[in-house]
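Peer 1: Residue numbers (this note's numbering), protein chains in the order written: chain A, 397 to 553; chain B, 397 to 553.
Hints are computed from structural coordinates only; laboratory data are not their basis. Here the structure is a predicted model, which means the values were calculated and not measured. All C-beta atoms, glycine included, are put in the ideal place defined by N, C-alpha and C. Some hints could be false.
[To be verified] Pairs of lysine-lysine residues, derived as DSS-like cross-links and limited to a Cα-Cα distance of at most 25 Å, are as follows: (1) A/525 - B/506; (2) A/494 - A/539; (3) B/462 - B/398; (4) B/506 - A/478; (5) A/525 - B/494; (6) A/525 - A/398; (7) A/468 - A/458; (8) A/506 - B/525; (9) B/478 - B/398; (10) A/478 - B/478; (11) A/506 - B/478; (12) A/398 - A/462; (13) B/398 - B/468; (14) B/494 - B/525; (15) B/468 - A/539; (16) A/506 - B/506; (17) A/539 - B/478; (18) B/462 - B/494; (19) B/525 - B/478; (20) A/398 - A/458; (21) B/539 - A/468; (22) A/506 - A/539; (23) B/525 - A/478; (24) A/506 - A/490; (25) A/478 - B/468.
[Unchecked claim] Chain A regions said to be covered by chain B (calculated; three or more residues, Cβ under 8 Å): (26) 428-436; (27) 507-520.
Number of protein chains: 2
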Amino acid sequence: MKHTISILVENHFGVLARVAGLFSARGFNIESLAVGETEDDTISRMTIIVSGDENILEQVMKQLNKLIDVIKVNEISASSVKRDLLLVKVSSNKNNRKDLMQLVDIFRAKIIDISSGSMVIEITGDEDKILAFLELLTPFGIKEVARTGIIALSRGH
Amino acid sequence: MKHTISILVENHFGVLARVAGLFSARGFNIESLAVGETEDDTISRMTIIVSGDENILEQVMKQLNKLIDVIKVNEISASSVKRDLLLVKVSSNKNNRKDLMQLVDIFRAKIIDISSGSMVIEITGDEDKILAFLELLTPFGIKEVARTGIIALSRGH
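Just chain A, with the same shape it has in the complex (with noise of 0.2 Å):
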């Protein structure tokens, strides 16, 4: 089973790789992971997705609880709203630079760069929109993909 975890950290050296060796050395795969500064900029946060054992997992999060520069730990729940954002560098021409226009429309993606043989698009969403787009462009010919972990927050209060 996928779980969503997220780590509030002082913003110190070394941490990142003291975290994700936690995992590592637990037997947990990161499917993924973004970090990104808070409003605080001491203070970043960590959004981990792992898959695994319920309660080895519940081990590591007590172990991360006491790393020191782990401020606070939590599992998101299910019902939390979740975005990936994805850049993908796609062929096109201007053959098919309609229908390509078409998909980005009905997505509610972006055109972000354009050149004469290819586009670079912006989408954020969650993981299966992310990948049904994907999918509709590979026929296109994708050059390139960047995409972020996937980020978290809970509902309501």
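Keeping the supplied structure of chain A fixed, place chain B upon it in accordance with the hints.
Peer 2: This is chain B only, laid out in the frame that chain A set:
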């Protein structure tokens, strides 16, 4: 000086911890890190922003290239397309909702969740845009922030 490093890696267990460890062993603080799968789900792309000495960075990149699961390492030029995704939960009530919606409109952000006392807003952009948006939201009362690291793709070919 800030450097944006893009690293293609085999999606294996522990790669992330090894790569992060290499940077921290050399005294680099990772300011931002995003990891996501590429169009090939056995391969992930890590985008790392570090600041530090250029010569040492060159050594780190050489060492990265020697890691068994690392496929390709390159530094991304300043002219590339860079994007970051922010989710922010902000206090709102019926009196200030209109003001918030106006800001969301101007910044081409999106409201993705709303409750009687708060809103969750999604915004993408470069770092300056995101920081400017956060600053304007501050008077309303920021409750929570989650941010992906920056990802980047080169322009054109």
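Peer 1: Run the structure past the numbered hints and jot down the numbers of the failing ones, going up.
Peer 2: 5, 18 and 25
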